[in-house]
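Chemist: The residues making up each chain are set out below.
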Amino acid sequence: MSFYRSAQYGFMKDLGAPALFWLERKRKKKKPPKPNPHLGPPLKCAGRLREIMTRHYYLSRFAQGARPVAWVTSGAPVEILRAFDFYTVYPENHGALCGAQKMGPDLCAEAEHRGYHSDLCSYARIDLGHAFTGKTPAGHLPKPDVLFCSNNICQTVLYWYKALSHNWDIPLILFDTPFNFRDIREVDVSYMVQQLEEMIPLLERISGKKFSESRFEEIIGIGAESSLTWGEVLATMKHKPAPMTIFDAFVHMAPVVSLRGLPVALDYYRILLEELKERVRQGIGAVPHERKRLLWDNIAVWFKLREWSLLFAERDFNFVAATYTNAWAETIHYLNRESPFESMARAYSLVILNNNLDHRLKLMEEMVRDYQVDGMVMLSLRSCKPYSVGQYDLRRLLAERLGIKALIIEADMTDFRTYSEEQTRTRLEAFFEELEG
Amino acid sequence: MSRKEYLLQQKEKGRRIFGVFPALYPKEVFWALDTVPVEIWDPPLQVAAASAHLQPYICSVVRLGLELVLQGKTGFLDGFLFPHTCDSMQNLASLINDHIKGPQACHFFYHPKEPYGKGARAFYRHELEGLAQSLEGQLGVLKNEALQEQMAQGQKISGLFQNLYDLRAQDKLDMSNRAFYEAIRRNEFLFPDDLIPELEGHVKKGGEAKARGGVPVILSGVLPNPPELLTLLDELEIRVAHDDLLACSRRLLVPQATRVDPYEQLVERYFSMNPCSTKGSSISRREAYLLGLLQKTGAKGVIFNVVKFCEPEWFDVPNLVEGLKRQGVPSLVLDTELNQGLSGQMATRVEAFTEMIG
Chain H
47 MSFYRSAQYG FMKDLGAPAL FWLERKRKKK KPPKPNPHLG PPLKCAGRLR EIMTRHYYLS
107 RFAQGARPVA WVTSGAPVEI LRAFDFYTVY PENHGALCGA QKMGPDLCAE AEHRGYHSDL
167 CSYARIDLGH AFTGKTPAGH LPKPDVLFCS NNICQTVLYW YKALSHNWDI PLILFDTPFN
227 FRDIREVDVS YMVQQLEEMI PLLERISGKK FSESRFEEII GIGAESSLTW GEVLATMKHK
287 PAPMTIFDAF VHMAPVVSLR GLPVALDYYR ILLEELKERV RQGIGAVPHE RKRLLWDNIA
347 VWFKLREWSL LFAERDFNFV AATYTNAWAE TIHYLNRESP FESMARAYSL VILNNNLDHR
407 LKLMEEMVRD YQVDGMVMLS LRSCKPYSVG QYDLRRLLAE RLGIKALIIE ADMTDFRTYS
467 EEQTRTRLEA FFEELEG
Chain F
676 MSRKEYLLQQ KEKGRRIFGV FPALYPKEVF WALDTVPVEI WDPPLQVAAA SAHLQPYICS
736 VVRLGLELVL QGKTGFLDGF LFPHTCDSMQ NLASLINDHI KGPQACHFFY HPKEPYGKGA
796 RAFYRHELEG LAQSLEGQLG VLKNEALQEQ MAQGQKISGL FQNLYDLRAQ DKLDMSNRAF
856 YEAIRRNEFL FPDDLIPELE GHVKKGGEAK ARGGVPVILS GVLPNPPELL TLLDELEIRV
916 AHDDLLACSR RLLVPQATRV DPYEQLVERY FSMNPCSTKG SSISRREAYL LGLLQKTGAK
976 GVIFNVVKFC EPEWFDVPNL VEGLKRQGVP SLVLDTELNQ GLSGQMATRV EAFTEMIG
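For the protein sequence lines, the chains are H and F, in the order given. Be aware that the first sequence starts at 47, since it is given in our numbering, and climbs by one per residue. Be aware that the second sequence starts at 676, since it is given in our numbering, and climbs by one per residue.
Where hints are given, some of them may not hold.
Said to hold, decoys possible - Here chain F is said to cover these stretches of chain H; the calculated rule only asks that three of the stretch's residues, wherever they fall, bring their Cβ under 8 Å from a Cβ of chain F: (1) 154-166; (2) 190-202; (3) 207-214; (4) 238-252; (5) 430-437.
By construction, these hints were calculated from the structure, which means they are not laboratory data. Yeah, the Cβ is synthetic: ideal placement off N, Cα and C, and Gly gets one too.
Could you put together the complete structure from these sequences and hints?
Modeler: What follows is the structure, given as structure tokens:
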């Protein structure tokens, strides 16, 4: 690591960034948005979240050469990287950011221009498009020293990171999590524990830092606490009316994905939880006249978040749960400081997408009951096959067992070139009628 | 004799029949349990019933496999094996086991992905033993001697495949492209006692054959489908001199194992297989493998014949094409469906490519 870069990073972290954000706050005294009768007051925490994430991306510009940098998949056991002080960048989170900023098609097209098929995952195409051109709404992303990938969310990330590793000649570390066709087996756990143990000397070499067990345990503690608090945040939506919508949760999940294991994420969720509890105490709903409660299945459609949030709220329908947001809370109770590696192996390999469809069905049934759900929207994503294959049967089974009305819509999370507004609207209108009936 | 007739005949002989989905699994374990593993890659069906369970953007290997099950054409099977090949195959396994629930028992097989850790070999061995144990529960005791014997058969078959591929690489095999793949793909259902004489026959004939000539190319992808592509190449006097196909050379050409213990032999074989996208092999390894094939055969170009929606392959193709280009090797990328023939446009592209390299 270079002394100059480290000093520059330290300066920006401690002085530059805070000063810039202070100025930004001063400059941008935005008028509060006009209240919408179908929506409750916006979450006060939203500004703080924006600052945290902006600061994260802003500082990433100075991270290269100052701190070891890793690009990480959203389901990877990041706690082990934190122990070596890696600056972590999440290409999937960056993909969501590009999607929300409607940059998806442009970046995807850059990857397609270099031979990547338009049928491939759009997060991957955005990331490769960014890697080829440097285009990003975040200003600049630091080039990684290592790529850290776990196939617990899909095999796609392995193919994608292999391409990055090849293009940049950067080492790729894989946390290979055997898929749970049935229950997890001891042999799977031992295999994963061994992989985690083997990573330590490798990460020591890449980062130039010695591994500290006590530091690692501390990080595990913070990571577990952040995810548990995130779980509590989501659980507030069990109340009627729910104090936030899943569209809020899609945005507020950014720290648990990208900053997991850091105190800033934990602090943030504690504040958010307090705000939500207060809303529950005061009976403030995100959709004040909430009549129907819905479950969302799959990744968010980032370029439609606000529009769909209003579309449903106008009918007093609220999404109160999502299998997607739940994924960062679902298995965290396995994680503990006493047996960090073994507990990490379980926590990370038992996530929804590394589990069989029967597990997913039971989980969804539980969510329908716990959150008193009336209907469900399933997003069928060409980009995400492990999430999408099986949805037709899940819909049928949930309808048969719980009488849940469900709609499957086709869209992409970021690439709106394949999205048909008219077709989706027609289907949504029919679904609304069915729910009302 | 057709595949179905052969399998029914085997059934009459008292052998059990297992439907095996793609791609990498230890055949010898099945043989040692006197069971015929029949592989389900590209059944000649029209997808209809499977559309009620799978989205249109799922590859035709998965869609056709499910169609076969839903059309009731797997009723005579004793069970299924699902190796962990890709996301779609993984969820198909779960869909059939958890939600469609046919009468057959489902078994699963996870193989470690690259880059391998030090524990990958031990884990793979556990997987092999676990599979054997799970099959024993249904098919009876797996005797070590039987497995040893089938390992020897497996080694012999690998050797014969190597001979056949070498003969073809040297243009000493008088077989059209289509005939070659029809012959070698019989390994997907023949029991070793029947497969070995067939392969020996081809090798013997090859030794006596004259050169066919034609412009040599390498075929890369999952399968040599649609068959119309092979016919077109035959008509254009293009000789597939070697391949990098998942269903073919990537798993059939395995170096001879040196270990004594049969499970260790299986471990050795898995880890010495040719690089493959479904194992997570690095692009550099794949590129080096292709360049090696080009050097060995004198092939003039590479045809990437990729099944539509096949993520493991499609992610590697751009870098492989680029790597070959740097070495001055032309390539052609085709986006094909398994059983839907060759469109006029695609045929024109193939023709243009062959003119360029011819």
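Chemist: Please check whether the stretch 238-252 of chain H has three or more residues whose CB lies within less than 8 Å of a CB on chain F.
Modeler: Per the Cβ count (3), the hint holds.
Chemist: Can you confirm whether chain F covers the stretch 430-437 of chain H, using C-beta to C-beta distances below 8 Å and requiring at least three such residues?
Modeler: holds (count 6)
Chemist: Count the residues of the stretch 190-202 of chain H with a beta-carbon closer than 8 Å to any beta-carbon of chain F: does the count reach three?
Modeler: Held - the stretch 190-202 of chain H has 4 residues with a Cβ nearer than 8 Å to chain F, which meets the minimum of three.
Chemist: Are three or more residues of the stretch 207-214 of chain H within 8 Å, CB to CB, of chain F?
Modeler: It holds: at least three residues are needed, and the stretch 207-214 of chain H offers 5 whose Cβ sits within less than 8 Å of chain F.
Chemist: Take the stretch 154-166 of chain H, compare each residue's beta carbon with every beta carbon of chain F, and decide whether three or more fall closer than 8 Å.
Modeler: Held - the stretch 154-166 of chain H has 6 residues with a Cβ nearer than 8 Å to chain F, which meets the minimum of three.
Consistency note: the structure conflicts with none of the earlier hints.
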